[in-house]
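With the hints as constraints, model all of the structure from the sequences given.
There are 2 protein chains.
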Amino acid sequence: MASLKISLAQINFTIGDFEGNTSKIADTLFTAKRAGIDLVVFSELAVCGYMPEDLLDFPWFIDKCEQSLEAVAESCQGISAIVGGVMRQSGVGKQLQNVACFMQNGRIEKVIAKTLLPTYDVFSEARYFQAASSNEIIVVKDTKIGIAICEDLWHHYNSFEYEKNPIEELIEQGAELIINPSASPYYVGKEELRNKVFQEQSLKYQVPIVHVNQLGMHTELLFDGRSKVYDSNGTKIISLPAYEEANFSFQFENQQIKTDGKTWNDFPTEIADLYDTLIFGIRDYFKKMGFTKAVLGSSGGIDSALVQTLASKALGAENVLAVLMPSKYSSEGSISDAIALSENLGNSYHVLPITEVHQAYEQTLVSIFQDTAVGLAEENIQARSRAILLMAISNKFGNILLNTSNKSEMAVGYSTLYGDLCGSLSVIGDVYKTKVYELCHYINQTTTIIPQNIIEKEPSAELRPDQKDSDSLPEYAVLDSILRLYIEEQRGLDEIIMEGYDPTMVQKIIEMVNRNEYKRYQAPPIIKVSSKSFGRGRSMPLVAKYQ
Amino acid sequence: MASLKISLAQINFTIGDFEGNTSKIADTLFTAKRAGIDLVVFSELAVCGYMPEDLLDFPWFIDKCEQSLEAVAESCQGISAIVGGVMRQSGVGKQLQNVACFMQNGRIEKVIAKTLLPTYDVFSEARYFQAASSNEIIVVKDTKIGIAICEDLWHHYNSFEYEKNPIEELIEQGAELIINPSASPYYVGKEELRNKVFQEQSLKYQVPIVHVNQLGMHTELLFDGRSKVYDSNGTKIISLPAYEEANFSFQFENQQIKTDGKTWNDFPTEIADLYDTLIFGIRDYFKKMGFTKAVLGSSGGIDSALVQTLASKALGAENVLAVLMPSKYSSEGSISDAIALSENLGNSYHVLPITEVHQAYEQTLVSIFQDTAVGLAEENIQARSRAILLMAISNKFGNILLNTSNKSEMAVGYSTLYGDLCGSLSVIGDVYKTKVYELCHYINQTTTIIPQNIIEKEPSAELRPDQKDSDSLPEYAVLDSILRLYIEEQRGLDEIIMEGYDPTMVQKIIEMVNRNEYKRYQAPPIIKVSSKSFGRGRSMPLVAKYQ
Numbered sequence: 001m002a003s004l005k006i007s008l009a010q011i012n013f014t015i016g017d018f019e020g021n022t023s024k025i026a027d028t029l030f031t032a033k034r035a036g037i038d039l040v041v042f043s044e045l046a047v048c049g050y051m052p053e054d055l056l057d058f059p060w061f062i063d064k065c066e067q068s069l070e071a072v073a074e075s076c077q078g079i080s081a082i083v084g085g086v087m088r089q090s091g092v093g094k095q096l097q098n099v100a101c102f103m104q105n106g107r108i109e110k111v112i113a114k115t116l117l118p119t120y121d122v123f124s125e126a127r128y129f130q131a132a133s134s135n136e137i138i139v140v141k142d143t144k145i146g147i148a149i150c151e152d153l154w155h156h157y158n159s160f161e162y163e164k165n166p167i168e169e170l171i172e173q174g175a176e177l178i179i180n181p182s183a184s185p186y187y188v189g190k191e192e193l194r195n196k197v198f199q200e201q202s203l204k205y206q207v208p209i210v211h212v213n214q215l216g217m218h219t220e221l222l223f224d225g226r227s228k229v230y231d232s233n234g235t236k237i238i239s240l241p242a243y244e245e246a247n248f249s250f251q252f253e254n255q256q257i258k259t260d261g262k263t264w265n266d267f268p269t270e271i272a273d274l275y276d277t278l279i280f281g282i283r284d285y286f287k288k289m290g291f292t293k294a295v296l297g298s299s300g301g302i303d304s305a306l307v308q309t310l311a312s313k314a315l316g317a318e319n320v321l322a323v324l325m326p327s328k329y330s331s332e333g334s335i336s337d338a339i340a341l342s343e344n345l346g347n348s349y350h351v352l353p354i355t356e357v358h359q360a361y362e363q364t365l366v367s368i369f370q371d372t373a374v375g376l377a378e379e380n381i382q383a384r385s386r387a388i389l390l391m392a393i394s395n396k397f398g399n400i401l402l403n404t405s406n407k408s409e410m411a412v413g414y415s416t417l418y419g420d421l422c423g424s425l426s427v428i429g430d431v432y433k434t435k436v437y438e439l440c441h442y443i444n445q446t447t448t449i450i451p452q453n454i455i456e457k458e459p460s461a462e463l464r465p466d467q468k469d470s471d472s473l474p475e476y477a478v479l480d481s482i483l484r485l486y487i488e489e490q491r492g493l494d495e496i497i498m499e500g501y502d503p504t505m506v507q508k509i510i511e512m513v514n515r516n517e518y519k520r521y522q523a524p525p526i527i528k529v530s531s532k533s534f535g536r537g538r539s540m541p542l543v544a545k546y547q
Numbered sequence: 001m002a003s004l005k006i007s008l009a010q011i012n013f014t015i016g017d018f019e020g021n022t023s024k025i026a027d028t029l030f031t032a033k034r035a036g037i038d039l040v041v042f043s044e045l046a047v048c049g050y051m052p053e054d055l056l057d058f059p060w061f062i063d064k065c066e067q068s069l070e071a072v073a074e075s076c077q078g079i080s081a082i083v084g085g086v087m088r089q090s091g092v093g094k095q096l097q098n099v100a101c102f103m104q105n106g107r108i109e110k111v112i113a114k115t116l117l118p119t120y121d122v123f124s125e126a127r128y129f130q131a132a133s134s135n136e137i138i139v140v141k142d143t144k145i146g147i148a149i150c151e152d153l154w155h156h157y158n159s160f161e162y163e164k165n166p167i168e169e170l171i172e173q174g175a176e177l178i179i180n181p182s183a184s185p186y187y188v189g190k191e192e193l194r195n196k197v198f199q200e201q202s203l204k205y206q207v208p209i210v211h212v213n214q215l216g217m218h219t220e221l222l223f224d225g226r227s228k229v230y231d232s233n234g235t236k237i238i239s240l241p242a243y244e245e246a247n248f249s250f251q252f253e254n255q256q257i258k259t260d261g262k263t264w265n266d267f268p269t270e271i272a273d274l275y276d277t278l279i280f281g282i283r284d285y286f287k288k289m290g291f292t293k294a295v296l297g298s299s300g301g302i303d304s305a306l307v308q309t310l311a312s313k314a315l316g317a318e319n320v321l322a323v324l325m326p327s328k329y330s331s332e333g334s335i336s337d338a339i340a341l342s343e344n345l346g347n348s349y350h351v352l353p354i355t356e357v358h359q360a361y362e363q364t365l366v367s368i369f370q371d372t373a374v375g376l377a378e379e380n381i382q383a384r385s386r387a388i389l390l391m392a393i394s395n396k397f398g399n400i401l402l403n404t405s406n407k408s409e410m411a412v413g414y415s416t417l418y419g420d421l422c423g424s425l426s427v428i429g430d431v432y433k434t435k436v437y438e439l440c441h442y443i444n445q446t447t448t449i450i451p452q453n454i455i456e457k458e459p460s461a462e463l464r465p466d467q468k469d470s471d472s473l474p475e476y477a478v479l480d481s482i483l484r485l486y487i488e489e490q491r492g493l494d495e496i497i498m499e500g501y502d503p504t505m506v507q508k509i510i511e512m513v514n515r516n517e518y519k520r521y522q523a524p525p526i527i528k529v530s531s532k533s534f535g536r537g538r539s540m541p542l543v544a545k546y547q
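In the order they appear, the protein sequences are chains A and B.
For the first sequence, our numbering gives the first residue as 1, with consecutive numbering after it.
For the second sequence, our numbering gives the first residue as 1, with consecutive numbering after it.
Don't read these hints as lab results, they were simulated from the structure.
Nothing false has been slipped in among the hints.
Any copy, or any two copies together, can satisfy a pair, since identical chains are not distinguished.
Below, simulated BS3-like cross-link-like pairs (lysine-lysine); rule was C-alpha separation at most 27 angstroms, straight line:
#1 K532 - K519
#2 K293 - K508
#3 K545 - K396
#4 K508 - K287
#5 K396 - K508
#6 K190 - K164
#7 K287 - K545
#8 K293 - K545
#9 K468 - K396
#10 K545 - K313
#11 K545 - K24
#12 K313 - K457
#13 K190 - K204
#14 K457 - K468
Since we're looking at a predicted model, the values are computed, not measured.
Structure (structure tokens):
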């Protein structure tokens, strides 16, 4: 009777860190062997991390990748493993393939290449890889296993359908189990989509699915883990936690999944999930970059308050430095609210008024600016003066500057390039203002951490007397709805107006989004939490003329 | 006897400007018809411009594209045309195709889709398009013509080979002529590569080739035009000029190319070509963005001097404003050299010392910075103070800030983020320092425009007393050679050391390049003039750990 003990290895890999990654893999194999595991499954591109991008253009990088796979294979004595990586292929076309190596008896017994190469949004696999031309099952202890690397299981989803269907080929060859080593990035709603796809596929082909996902924050991509196992009826049997490394094993016997111990992790509410995600994103970004301390501008507004709170949770209150930089337009309330926040969180803070710097600029420019009306130029000097102070502190003490712009602002260009658009990491650049409020309410649900004043005051950039965001923008609920239709759903002007919004307002907002592509071109990397974030996954031409 | 009068239409299209683009196409057709032309060939993606990138995700954009193709077809009465664009396809896979429409009798008679979709460097066509599954010839007045869209003619070049060879299919069907509507971007050395490929292909298949290239500056891509015709012996018969719109017709009779009039444009020297390219890049960028005036920081150094000279040539001396912003570390010479340059060029200039602003920052930060050593933080305050002044002038008067960093500096991070890395357009961000010198010598060859002092003085950022670039970097000839091996040729550390360079120095330089990816992530768009420029064509992970 075929019986197989399979383990899911959900690991946080670092791109390019062959030594660290293979050491984690070897440790896992060592432990698994002692636990009597037959087969350990690792995530996609395990040895090099997903996604090395143009590091793949360097031959030494591929050499290291191949060497690492060989080295890992050597340790597969008395245990089998499926380990992802990149290997060269000898045919025409792209010279590399995204592969899963089936290892046992101290060597790579079979190399399975990926067939469906995602090339949309943040994915650009066709840039690097040659697709597999055919699929072949492997046999482990009499069990026929089909390996479908990540997208290979996503032949058909939403309205999109690929030309090939690797699963069908594997099922025809008698696959009793589909193993799906993945690097499936997070966004709000992604887990529902995954569940739908895995459920449909396991039901359709009456085959259990083992999905092992990568974990970790990689530049703009964040992997949540949540590896899982479905039985052949489309029922989720095992679900690994989000945002932590985990191993979990099950028995595959008579085509049944058998488990003992805890096998289930509930999915949190959407807002709790978003909160956890952002904290993990900050923490893992800092950890992988070798940073410990952060700095940010604390304006007394809701965006910086949220980022400061998230950063304190992620890095520890003692590692977050708040800098208050009031100008003559700052309200008294802003300063006291910002101080109250830092005190609630236990962060150090400095107060550095920009009055003197601002005056020096005015003085320096007086010969040129005399007889001109005060306007945008003067407002931006303030925002940029603050950025210089923050960067000076960053340069001096090594604190990494966190950007505090939200997605609504970044969309309409309601932010100053080289001013509040500065930073090493944009924490909430993929979070609309309405969600910023929700997150703050969530944070405050038991104890008031973010002072109520900050949440309740009307949003203002405070760059001129009595300025309010609503002076030039509709209320955020309306704005965010329109932005979501334009950015996430790629609706056009006419289609959005058809939804019942005021035509003039829709036109104005779309024009603002388009006109401000140049600012986003130079913006920091953003923690991606939506299906379409600004950054490399949304590539718009700057030199263009369109609606 | 089959005889056909064919015209090459080399036009500067704007991305997304359907009205402007189709109007240019219609004008060309109207004139061609009166001149007795049978067939007019336009470049790739003519109606929408190459490359609309993620604008292609918007259904309205595709609608406009298809409508524009239909509208152009209607005007093809008594004349035929080959017009590039994007159309939907009804099969599985990507829903769009990159097509060339064969138009006559007032309608689209045949749609030819592209087979080979470049997806490397700046190209990402597999992100958007489904490849053609087969190729079919068209027949125009008894002449059998094969249409091969751009890359379709590049089945094999350098060491790369595609799986399919569209030309072979077309030749098998009896194609007597290959028409190659293209969007082939410029870089130094590209024209030689093109000549090699076209010559080889026409010789191999004994078939004439008509290559019609796009013209224009499109964000990071610059198209030089230089459309050309090869006879079936691999001889270049016609060569259209670079950097200007042009029409040229020839008679195709008995499989021979017959021309009258001027048919040849000599290729300039490499440095003259680079000079022309950068000037065209600035000019066309400004024109398409609707800008007229530029501003830049004039340091008295060679980089800003070159950019100021190029901008004056591109936009007119009266449209370039130089801003001198001396600090206490600026030499007297720097100021007088910068003034001499502006006077030579006829540019307006302002002198805005940053002393006062710098003092205000020191004063503001004194409580935090006291007892710390003066260093990078203080140096960067200077660079960033200058950026604020320049951006203030830009905001106030509408002058667009030109970035003056060269490729060597951008590579090793010898530039300040939010300081001298600011700007709307990086003019020489793809030009190594050694080429900067060559360009300045070229500019000065008949008259001294750039003061000799500027060219001869030792490079320095002048951010601290007696600072010299060579304090921390090898001489530029060595540095640039190493950078070229690393960036353009993707050689690794060991391979570069094998070329005979000092190991410690190579390691230091590579580490500097790697460590500064985060700065380039937020850098302005660069005029691409090399086979591998920084920007979207070189996508490196930030969160990574590698050599």
